[in-house]
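Here the protein sequences line up with chains H and V, keeping their order.
Count along the first sequence from 1, then add 1; that gives the number in this note's numbering.
Count along the second sequence from 1, then add 740; that gives the number in this note's numbering.
No lab work stands behind these hints: they were computed from the structure.
Wrong hints could be hidden among the right ones.
Some chain V residues near chain H, calculated using beta-carbon distances under 7 Å [to be verified]:
#1 I742
#2 N773
#3 H776
#4 D790
#5 T791
#6 I807
#7 D809
Example chain V residues on the side facing chain H (calculated, C-beta under 8 Å, incomplete) [unchecked claim]:
#8 G750
#9 S772
#10 L775
#11 S793
#12 S808
#13 K815
#14 L817
#15 Q836
#16 V838
#17 Q839
Here are the simulated distance ranges between beta carbons [what the hints assert, rightly or not]:
#18 H:P476 <-> V:R800: 43 to 51 Å
#19 H:S261 <-> V:E795: 40 to 48 Å
#20 H:F633 <-> V:E795: 39 to 47 Å
#21 H:G335 <-> V:T756: 27 to 35 Å
#22 V:S828 <-> H:D237: 16 to 24 Å
#23 H:D237 <-> V:C760: 37 to 45 Å
#24 V:L758 <-> H:N56: 28 to 36 Å
#25 V:C760 <-> H:A520: 51 to 59 Å
#26 V:K803 <-> H:G335: 18 to 26 Å
#27 V:C760 <-> H:G497: 31 to 39 Å
#28 V:R800 <-> H:E499: 42 to 50 Å
#29 V:S828 <-> H:L270: 21 to 29 Å
Just so it is clear, CB atoms sit at the ideal spot from N, CA and C, and this is done for glycine as well.
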Amino acid sequence: MEIKNLDYQNPKVFLPPLPDVISPEPINESILKPDLWANFKSLRCGCYLIKLTSNINPLLVYDGTIRVECHSNGLSASGDLYRRSIIFYPQISSFKGKFAPFLTPAPNPKHGIPILPRNRYRYYLRVTKILEWFTFSNSFILSFEVFRFKTSSKTWTNEGTFTAQMSWTTAPAGYPSKSDYLEGDVKTAGGKVVGRLTMGWVSSYLRRATIEIDRVSVSESPLNNGAGINWQTIYDQVGWQITVIESNTNVTEPSGEGWSDAELHQTMLNWRDSADLDSQWLYHLLCVRLLDSTERGIMYDCYGGDSNNIPREGAAIASHWMIPNTNKWGLVKGMRFGAASAPYFRTAVHEIGHAQMMFHPSATTGNHIMQVTPQIAENAVPPQQFPDNIEWAFSPDDQRLLRHLPDVVVRPGTVLKFGTDVAPPYTGIPLSPLDLAAEVEGLQLHVTPLLETVPIGAPVRINFKLLNTSTLPIPVPKRLSIKTGHVTGKVIDSSGTERTFSTIIRYLDDAELQMLEPASSINDSLTLLRGIDGSLFQSPGIHNIVITLSWDINGYLVQLSGNTTIMITPPIDVEHSKAALKVITTPDILLILVLGGDHLTDGIDALQVALKSPILRPHFAYIEAKRVAQRFGKRKPNFKAASELITDDTIMSPAEIKKLAKLINKEGADSSFAKTIANSLKRKIKTLDVSEDVKKMVEAL
Amino acid sequence: MISQKERFLGLWKKQTDLPCSQIYPIFIEFHSNGLHYSTGAKVGLLSACDTGSWEIINSRQIKISTISDTILAYKYLLSDDEFTFIDSQGCEFLYQKVQ
Numbered sequence: 002m003e004i005k006n007l008d009y010q011n012p013k014v015f016l017p018p019l020p021d022v023i024s025p026e027p028i029n030e031s032i033l034k035p036d037l038w039a040n041f042k043s044l045r046c047g048c049y050l051i052k053l054t055s056n057i058n059p060l061l062v063y064d065g066t067i068r069v070e071c072h073s074n075g076l077s078a079s080g081d082l083y084r085r086s087i088i089f090y091p092q093i094s095s096f097k098g099k100f101a102p103f104l105t106p107a108p109n110p111k112h113g114i115p116i117l118p119r120n121r122y123r124y125y126l127r128v129t130k131i132l133e134w135f136t137f138s139n140s141f142i143l144s145f146e147v148f149r150f151k152t153s154s155k156t157w158t159n160e161g162t163f164t165a166q167m168s169w170t171t172a173p174a175g176y177p178s179k180s181d182y183l184e185g186d187v188k189t190a191g192g193k194v195v196g197r198l199t200m201g202w203v204s205s206y207l208r209r210a211t212i213e214i215d216r217v218s219v220s221e222s223p224l225n226n227g228a229g230i231n232w233q234t235i236y237d238q239v240g241w242q243i244t245v246i247e248s249n250t251n252v253t254e255p256s257g258e259g260w261s262d263a264e265l266h267q268t269m270l271n272w273r274d275s276a277d278l279d280s281q282w283l284y285h286l287l288c289v290r291l292l293d294s295t296e297r298g299i300m301y302d303c304y305g306g307d308s309n310n311i312p313r314e315g316a317a318i319a320s321h322w323m324i325p326n327t328n329k330w331g332l333v334k335g336m337r338f339g340a341a342s343a344p345y346f347r348t349a350v351h352e353i354g355h356a357q358m359m360f361h362p363s364a365t366t367g368n369h370i371m372q373v374t375p376q377i378a379e380n381a382v383p384p385q386q387f388p389d390n391i392e393w394a395f396s397p398d399d400q401r402l403l404r405h406l407p408d409v410v411v412r413p414g415t416v417l418k419f420g421t422d423v424a425p426p427y428t429g430i431p432l433s434p435l436d437l438a439a440e441v442e443g444l445q446l447h448v449t450p451l452l453e454t455v456p457i458g459a460p461v462r463i464n465f466k467l468l469n470t471s472t473l474p475i476p477v478p479k480r481l482s483i484k485t486g487h488v489t490g491k492v493i494d495s496s497g498t499e500r501t502f503s504t505i506i507r508y509l510d511d512a513e514l515q516m517l518e519p520a521s522s523i524n525d526s527l528t529l530l531r532g533i534d535g536s537l538f539q540s541p542g543i544h545n546i547v548i549t550l551s552w553d554i555n556g557y558l559v560q561l562s563g564n565t566t567i568m569i570t571p572p573i574d575v576e577h578s579k580a581a582l583k584v585i586t587t588p589d590i591l592l593i594l595v596l597g598g599d600h601l602t603d604g605i606d607a608l609q610v611a612l613k614s615p616i617l618r619p620h621f622a623y624i625e626a627k628r629v630a631q632r633f634g635k636r637k638p639n640f641k642a643a644s645e646l647i648t649d650d651t652i653m654s655p656a657e658i659k660k661l662a663k664l665i666n667k668e669g670a671d672s673s674f675a676k677t678i679a680n681s682l683k684r685k686i687k688t689l690d691v692s693e694d695v696k697k698m699v700e701a702l
Numbered sequence: 741m742i743s744q745k746e747r748f749l750g751l752w753k754k755q756t757d758l759p760c761s762q763i764y765p766i767f768i769e770f771h772s773n774g775l776h777y778s779t780g781a782k783v784g785l786l787s788a789c790d791t792g793s794w795e796i797i798n799s800r801q802i803k804i805s806t807i808s809d810t811i812l813a814y815k816y817l818l819s820d821d822e823f824t825f826i827d828s829q830g831c832e833f834l835y836q837k838v839q
């Protein structure tokens, strides 16, 4: 790391990316001789106290941690650095008034995971290479990307990749394990030595925090779920060491049984045991009878509820909220919340999860900690009843975030505000794959463009095929349409700008899996136009399109990616140029593509402009045909208009051919215009690589 | 006669881009089970809705839970395929039904 004169002016990311899974390299079996085993070394999982010293200025020292997470798919590691303070003492031998700088003491490894002052936070380390299994030598190469955090702008700057040849040596006094200590010189990508790194193992946990529980006398303390699950049980799964302090049990009610957000915040300030968030990560939980602004629980320390402008210090739950007396609430219906140990405790963990910058999930599936309680009650499938269906764990996504997000994001009382500075889905972060994401052996994703060159302004159609090359059936989603949420992706233009895409509407019932037999495949297509960052194809040139499929198999996220390249060609003439501009600048055209309808007038206007351009018309004709061939309100399907749009020149993906065939079957199989369309589709499938089911459907028209 | 709650069911898209409305989701989907799903609030601002509960209080007010589990009340004006929200700060923003 170049520890001087760094350029912090042009931050490129909002939050740094999390560490990749570092997949193990194959082991050469010839080296597995018994006599060698006596000498092998491996990296212990857990938290390491680290120190980085500049070789330019010995007073420039950073302390922090590296978190090494071991799991079945490899290792993930991340770290944080805080700059050591300097104090000035008078020099004994010098003239009066002269002072010499001294470093303040280093964190003591005897105290385990260090807690360092928030205002000294400087860097997040994204570890990209680390020792996988073991080595017979005494060292390994550690590589990491360094992200500088600028407090004033709350931005992150990637300052490059650094490496260190880390060698084992005997730990200095104070470390709990003499043999788990390493040192190495830190080098830039160019090989220049810029500092020295030490790392010594201090804990099998990754992080540590304290939860102080204060309550009014009639409210219960949410210590466990009544069936053996407590705070530490849940946080063990994310590597957090949790100390629970049952503190005040007689907090006074400021204005009766109901508490405003302001009263909750003031009571936290008045009653908590310590306000020193630089020596402990203290989350405060207040248990009261009722909450004015909600029912079960709240992380009030944000927005208007954060009167001291120190975010995410506390949360509260309501013991006297009455659970509705309806069947949805299962075994606890009609009960007082505090008397229903399981959901009461779950809500307490959920609210503290918010204080740790965790958010509600975007899916209705999953009954994990950050799911909203009514959804979990809704999700109960008889004979199981709520709250027996609660999952006593954070979701795999949240587990990864809790382990590896930067300290300043998850610890309480930093400058980063819940929802305001950080919000789901942590947009702007070039997130690396999830550390529990598994690639299933034998599955391949082939991605191909329908057209390799596409005029600017036109949608880009991509075909993809999921193929099972193994000898066993593999569970895969029943449908791969983008609307299922299984398909996401990004487009990278020739300047390197990435634009992501995903569904704008979730089809909530599409989480079902099917078994994909050996040598079988499923095909689908995407029609890409816009993503969350606007038009995906804004300029002429080569574009790389990456498609990622992801789904859940028994709690494990499976991911698979494939990519292809297309060329966007420049405008041919003024008419094409104007039409392309209209399409690129009209967000609602995406809704026309997805939903159809007659009501999104901006989108329809842009579509009509595109259809008037001879260059763009073949690319948009299907979108308009689908729209008019669907009934909308009192308007009947217009197959006459649709048939004029579907010609041999109309560009359609296999999925679009299938959709139109379905529409004809549903709405107008007997109409002569529908038959004209059907004949066009029959000619199209002869020129395209379409699956058997599409062929059958079209041929049956 | 269709109830007020039934009229809210479905997917709505925000039509307003006023600065004060940018903290609210672009899409919000009201389900009959009392839950809503929302997406698309701009980055760096309050994603006022994500997944949570909703309930009609009366013909002019609706309660919706937020990302921090607060339940906020909004005034609304509902027509056939549009509704206008008015938040506690007086910010008015329009949603149009898309599905």
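For each hint, the structure was consulted:
no., hint, result
1, I742, "15 Å, violated"
2, N773, "6 Å, holds"
3, H776, "10 Å, violated"
4, D790, "5 Å, holds"
5, T791, "5 Å, holds"
6, I807, "5 Å, holds"
7, D809, "5 Å, holds"
8, G750, "11 Å, violated"
9, S772, "11 Å, violated"
10, L775, "6 Å, holds"
11, S793, "5 Å, holds"
12, S808, "5 Å, holds"
13, K815, "17 Å, violated"
14, L817, "18 Å, violated"
15, Q836, "7 Å, holds"
16, V838, "6 Å, holds"
17, Q839, "6 Å, holds"
18, H:P476 <-> V:R800: 43 to 51 Å, "49 Å, holds"
19, H:S261 <-> V:E795: 40 to 48 Å, "20 Å, violated"
20, H:F633 <-> V:E795: 39 to 47 Å, "30 Å, violated"
21, H:G335 <-> V:T756: 27 to 35 Å, "42 Å, violated"
22, V:S828 <-> H:D237: 16 to 24 Å, "41 Å, violated"
23, H:D237 <-> V:C760: 37 to 45 Å, "44 Å, holds"
24, V:L758 <-> H:N56: 28 to 36 Å, "54 Å, violated"
25, V:C760 <-> H:A520: 51 to 59 Å, "57 Å, holds"
26, V:K803 <-> H:G335: 18 to 26 Å, "22 Å, holds"
27, V:C760 <-> H:G497: 31 to 39 Å, "35 Å, holds"
28, V:R800 <-> H:E499: 42 to 50 Å, "44 Å, holds"
29, V:S828 <-> H:L270: 21 to 29 Å, "24 Å, holds"
When held up to the earlier numbered hints, the structure conflicts with 1, 3, 8, 9, 13, 14, 19, 20, 21, 22, 24 and fits the remainder.
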